[in-house]
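Starting from the given sequences, assemble the full structure and let the hints guide the process.
Residue numbers (my numbering), protein chains in the order written: chain A, 1 to 382; chain B, 1 to 382; chain C, 1 to 291; chain D, 1 to 291.
Keep in mind that the hints were calculated from the coordinates and are not lab data. Source: prediction; values computed, not measured. Just so you know, even glycine gets a beta-carbon here, dropped at the ideal spot from N, CA and C. Hints may be right or wrong, so weigh each one.
[To be verified] Covered by chain D, according to a simulated footprint, are these stretches of chain B (three or more residues, beta-carbon under 8 Å):
#, segment
1, 14 to 23
2, 105 to 117
3, 125 to 133
4, 140 to 148
5, 255 to 262
6, 313 to 319
7, 344 to 351
[Claimed, not checked] Quick list of in silico lysine to aspartate or glutamate cross-link-like pairs, EDC-like style, CA-CA up to 16 Å:
#, chain 1, residue 1, chain 2, residue 2
8, A, Lys138, A, Asp107
9, B, Lys167, C, Asp55
10, B, Lys81, B, Glu250
11, B, Lys175, C, Asp80
12, C, Lys113, D, Asp117
13, B, Lys307, B, Glu350
14, C, Lys43, B, Asp163
15, A, Lys157, D, Glu59
16, A, Lys329, A, Glu372
17, A, Lys21, A, Glu92
18, B, Lys167, B, Glu99
19, A, Lys351, C, Glu142
20, A, Lys157, D, Asp55
21, B, Lys157, C, Glu59
22, D, Lys113, C, Asp117
23, B, Lys307, B, Asp247
24, A, Lys175, D, Asp80
25, D, Lys229, D, Asp199
26, B, Lys157, C, Asp55
27, C, Lys113, A, Asp142
28, D, Lys113, B, Asp142
29, A, Lys167, D, Asp55
30, B, Lys351, D, Glu142
31, C, Lys133, C, Glu201
32, D, Lys43, A, Asp163
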Amino acid sequence: MKLYEYQGKELFRQYGLPTPKGVVVKSLDNLEEQLQSLGFPVVVKSQVLTGGRGKAGGVLFADNVAEVRAAGSKLLGSVLKDCTVDALLVEEKVAVVEEYYLSITVDRASRMPLVMFSRSGGMDIEEVAKTRPEAIAKVTVDPQMGVRGFHCEMLAKVGGVTDPGIKKELAKVVKTLYNLYYQKDATLVEVNPLMLLTDGTLIAADAKVDIDDSAVYRHADIRAMEEAVPVAPLVKEARDTGFLYIDVDETGTVGVISNGSGMIMSCIDWIARQGGQVTCALDLGGGATADRVAEGIKIVLKNSRVKSLLISIFGGITRCDEIAGGVLKAVTENDFGVPIVTRLEGTNKEKGLQILSEADSKKIIVAASLPEAADKVLKAQQ
Amino acid sequence: MKLYEYQGKELFRQYGLPTPKGVVVKSLDNLEEQLQSLGFPVVVKSQVLTGGRGKAGGVLFADNVAEVRAAGSKLLGSVLKDCTVDALLVEEKVAVVEEYYLSITVDRASRMPLVMFSRSGGMDIEEVAKTRPEAIAKVTVDPQMGVRGFHCEMLAKVGGVTDPGIKKELAKVVKTLYNLYYQKDATLVEVNPLMLLTDGTLIAADAKVDIDDSAVYRHADIRAMEEAVPVAPLVKEARDTGFLYIDVDETGTVGVISNGSGMIMSCIDWIARQGGQVTCALDLGGGATADRVAEGIKIVLKNSRVKSLLISIFGGITRCDEIAGGVLKAVTENDFGVPIVTRLEGTNKEKGLQILSEADSKKIIVAASLPEAADKVLKAQQ
Amino acid sequence: MSVLVDKNTRLLVQGITGREGHFHTTRMLEYGTNVVAGVTPGKGGQTVEGVPVYDSVAEAVAAQQPDTTILFVPPRFTLDGIFEALNAGIRKVITIAEGVPVRDMMEVYHYTKNMPDVYVIGPNSFGVISPGKSKAGFMAHEIYSPGPVGIMSRSATNSYETVLAMTRRGIGQSTAIGVGGDMIPVSSFAKLLPLFQADEETKAVVLIGEIGGADEEIAAEYIKKHMTKPVVAYIAGRNAPKGKVMGHAGAIVGASGVGSAQSKIEALTAAGVHIADSPNHVAEILEKLLA
Amino acid sequence: MSVLVDKNTRLLVQGITGREGHFHTTRMLEYGTNVVAGVTPGKGGQTVEGVPVYDSVAEAVAAQQPDTTILFVPPRFTLDGIFEALNAGIRKVITIAEGVPVRDMMEVYHYTKNMPDVYVIGPNSFGVISPGKSKAGFMAHEIYSPGPVGIMSRSATNSYETVLAMTRRGIGQSTAIGVGGDMIPVSSFAKLLPLFQADEETKAVVLIGEIGGADEEIAAEYIKKHMTKPVVAYIAGRNAPKGKVMGHAGAIVGASGVGSAQSKIEALTAAGVHIADSPNHVAEILEKLLA
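Below, the structure is given as structure tokens:
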């Protein structure tokens, strides 16, 4: 679960990591009142859950309330890299000496948190990664040790920080951020820029935090942030039904329903190989009943880009007869113009095929294998 | 560092473990005012750092302020099992269904925290340990796992708790106490009794907490409790000089100074074997200088039970010439009536013996080995 | 022979009285698995399909000496369940739950990483099956057949596809292991390859990976150095969608290319592994290799 | 031969620029120890008695390949220092600091407990010496002499007494190890006994224990099962004072008697160990055993 910058900063402050003084603005009514605790100049930052916000024009500067209003009028409600801007974070500008980069994510090879630090922070960090990878310090932290003095020493040394005072500050920030990362079940915590102020302290000027969806349940404070995070309507509808809806490609024309991400990837791969393109996919997970399968089909067919649908199931926990029953139910109860190619294997396969063969609908096409199904789902569009 | 009951309970409350409502009383002035937040009846408990307080008469009951005053007059300033009572904890009595026992200490064999629980808590728990050891559940907790649901299940099952509601309460208390134990560097946390109230909740009616002396430095809250804890004058004087003073036996007549607890134990063993008894010992640790050795000798000789002193040093980091210099300095600068048997080995031994041989004092006796030294230090008393 | 489970396996089912636990216990018993005990706290003394139920793993171990356990417990109790099993001395743990927090499995990984004889399969695994002998999992066992090919897969469905294609061609399996589809599988390819290399019955190994992580690359290193048996690999996700990326960390780490289908295929190819384009292709390659 | 340290040891000194670190580096060099590098953060590039100093253990390892490290750092930095050394791949760590928090060493113990080739000696240890070859510690090396007896001791001073008595009788030492006097020594007797059992030069082993803990009892189990070489033990503290006890936990645990001098002596006697009454007595027994 991705958090907005202002939500990430709430967590930062909870852990004692300083952030600039700021106010979240969701409407321009009473703007003067909303901003009364702030000094000027300020930065007006669009709250969106994607990177590259600055370069896309989502960050503006203002010297007074009128300028904030002007910026707000421009930004609020606008669409930035596919995300609608519902909120702004208005923050006091701070006098900056340097801009650092600091992040923690997971190193999947060693199964350890990976801390990355560079003195060359700011918007061009990805360029630095390409042209001067040695300028980015990377340290994995054994979670059974936790982050230690020597980790911070290594980050500072490779990252190019030599001043003892700043090293000490950095160590404090790294330890704080690690604790937040670990205790809050984050999969990403990124501060870019981490600003060095004139007084030698460090302050988090941005916050990118992603929390493990599977662990949100055990953090009441993050659960409370959840409702502010927008979810695409079909993703939400799928989630409420217990399914996972995935947007694959806007130019695609095929919908895929399957049980398990591995099979979904294989379906996408096969259809691509046959020259087609999947636009969205739905993962039923294990053990879906006929009623729920019918629900899933309805959700996918709400995506108007879907011109044909491939349902590929390998029944383990999931039973093929339930899938077939769901297909039948969906087709019977609705008037889709979309052909459905179904391919069943595994538990109760014969029973499922029996149900489909008795359906007597031109929209229901049966395939015996995944290659055949991929072929048929594309031909059905012609 | 042992904490008073009321200090331990401060920690309990900090971690969310309930305790009875209470007030710490150090003087009987304005008693009514001090107790105004409490309801009656109350328990008046002497705050001492030793066990068996109840059986020794240190706990009284009172139904009103006058009775508290009477109890207080009796207890405040009294001596309970060698400890002077400087403070009382006056607590509201609670309606109790059962009294449990719960503690966490370290299991030195497995190097893991050991949680012990019994449904048969209260003053007779040691008797239970002897006669019905199976009634006390003992579970070691791998610190890399932390305390888990299954640990609590095992404690409840062996301890004899079957009610699901109480089991849940117990699990909460065990987890809380474990976190306190681990995070606060405790070497002992004991709640006896842990009271089951009529509403099915558990409450800590007593608190015995011992914090690892080596780790107090990293807990500001515990450092703040330190000044309230009384330290025997000689122990304090030794600690301020950087030494460790140990009371061995009130009936003893020999003082021992050495560098290292192993050697001190061997000195005590040897003197016991020769029919003598050590009364106190001072551990110089490593690397003491002549000045500091002289300080150490002065501290030990302030104990009037010391009729002769054995100094046994095996120099590693510690240098024998510094020891000899210290002996000389102490004897020259003071007028002790006490003979000092010195036995030196290791680093700069010859130089040390040279210094002692030139001292020309009848009070300075040199021994070549530990058995000889033990022999001489006892003969010197005759 | 076979690996991890066989006729001698004494299986414990944690969460045996739950809906899934009960259903799959029945299926496993039908398959011939020696399910010796179950655990559900508070349900000790009951039986499920004749299998005795205990309140704790420790009690089940004392009474029935299981050597392997499978957890049919919800994701939020999975960490406790795994630790309980390890704490009671069980060395083989199979975890099927989907949606276990990443940090929990990180803890299990690091807790067990220096224990050479401990295998934690999963999470989000379909289990382990040695066809004709024993199964500990929920896979559709009808598609499996005994034979000389060991299989490890991150994806349940892709391994089913592969097994079905193999079985249709008359190529059986020694053991099939679901290493699990989550971010942090505990005992992954590199930890399991030595078992197949040592197993006399296994003549070839199939590795079914997918994009993300570095387990296929790490496996490639092991294969290069130690495997004498042929390995066939299928990597799913060459055309998988890219998620909306927040922050730069992914891009910085990704700069090395590790985790992409291309990186995995290159590493495996360099290790002498046969690369298949599809589950069906795996079976075709095996047919030639074993001919 | 000898154990843990010898002529081939490449020693790192953590905290080399401190007062103690510098002094004992000099003493170790005098003894012939191959001190290859030192570490003090911020002092990289300096030298101490000709030994190059680095900012971190990782850099020292990259430049000088030490295989063993000794920490002359204050107790509150000991945990960091040990973890830094382990993290950099050093497998033998000697910690002399006194006053390290118990929890810190608990963490080190559990972090390393499944690493068969990792030895963490201490804390509160005098170090390790293989007389005539190498020393990594602060012991008064003048009293040692090369010979056939391996020594492990919880107490520095009691081991010095014993060594002196042995040397005076012409009985030398293969290696002497201070396992440390704290509540939780990391690599204790039972972990070290196999080294002495395997060491060709060692003909007999001396174990110097004291009251408290169960390490002597655990060692007795190992000796009973695996040791073919004679073992002599001295247990200090038979007449040690009892501390003022708070709470009942100690009494409940103590009901079994484990930890008392009597329990240790009984366990060791049952394992065939020769019990000495004093350091001097150890030497007397050895004289007969080796005659």
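For each hint, the structure was consulted:
| no. | hint | in the structure |
| --- | --- | --- |
| 1 | 14 to 23 | violated (count 0) |
| 2 | 105 to 117 | holds (count 9) |
| 3 | 125 to 133 | holds (count 5) |
| 4 | 140 to 148 | holds (count 3) |
| 5 | 255 to 262 | holds (count 5) |
| 6 | 313 to 319 | holds (count 4) |
| 7 | 344 to 351 | holds (count 3) |
| 8 | Lys138(A) with Asp107(A) | 10 Å, holds |
| 9 | Lys167(B) with Asp55(C) | 13 Å, holds |
| 10 | Lys81(B) with Glu250(B) | 14 Å, holds |
| 11 | Lys175(B) with Asp80(C) | 13 Å, holds |
| 12 | Lys113(C) with Asp117(D) | 15 Å, holds |
| 13 | Lys307(B) with Glu350(B) | 28 Å, violated |
| 14 | Lys43(C) with Asp163(B) | 13 Å, holds |
| 15 | Lys157(A) with Glu59(D) | 11 Å, holds |
| 16 | Lys329(A) with Glu372(A) | 24 Å, violated |
| 17 | Lys21(A) with Glu92(A) | 6 Å, holds |
| 18 | Lys167(B) with Glu99(B) | 14 Å, holds |
| 19 | Lys351(A) with Glu142(C) | 15 Å, holds |
| 20 | Lys157(A) with Asp55(D) | 9 Å, holds |
| 21 | Lys157(B) with Glu59(C) | 11 Å, holds |
| 22 | Lys113(D) with Asp117(C) | 15 Å, holds |
| 23 | Lys307(B) with Asp247(B) | 15 Å, holds |
| 24 | Lys175(A) with Asp80(D) | 13 Å, holds |
| 25 | Lys229(D) with Asp199(D) | 10 Å, holds |
| 26 | Lys157(B) with Asp55(C) | 9 Å, holds |
| 27 | Lys113(C) with Asp142(A) | 11 Å, holds |
| 28 | Lys113(D) with Asp142(B) | 11 Å, holds |
| 29 | Lys167(A) with Asp55(D) | 13 Å, holds |
| 30 | Lys351(B) with Glu142(D) | 15 Å, holds |
| 31 | Lys133(C) with Glu201(C) | 13 Å, holds |
| 32 | Lys43(D) with Asp163(A) | 13 Å, holds |
In terms of the numbered hints stated before, the structure departs from hints 1, 13 and 16, listed from lowest to highest.
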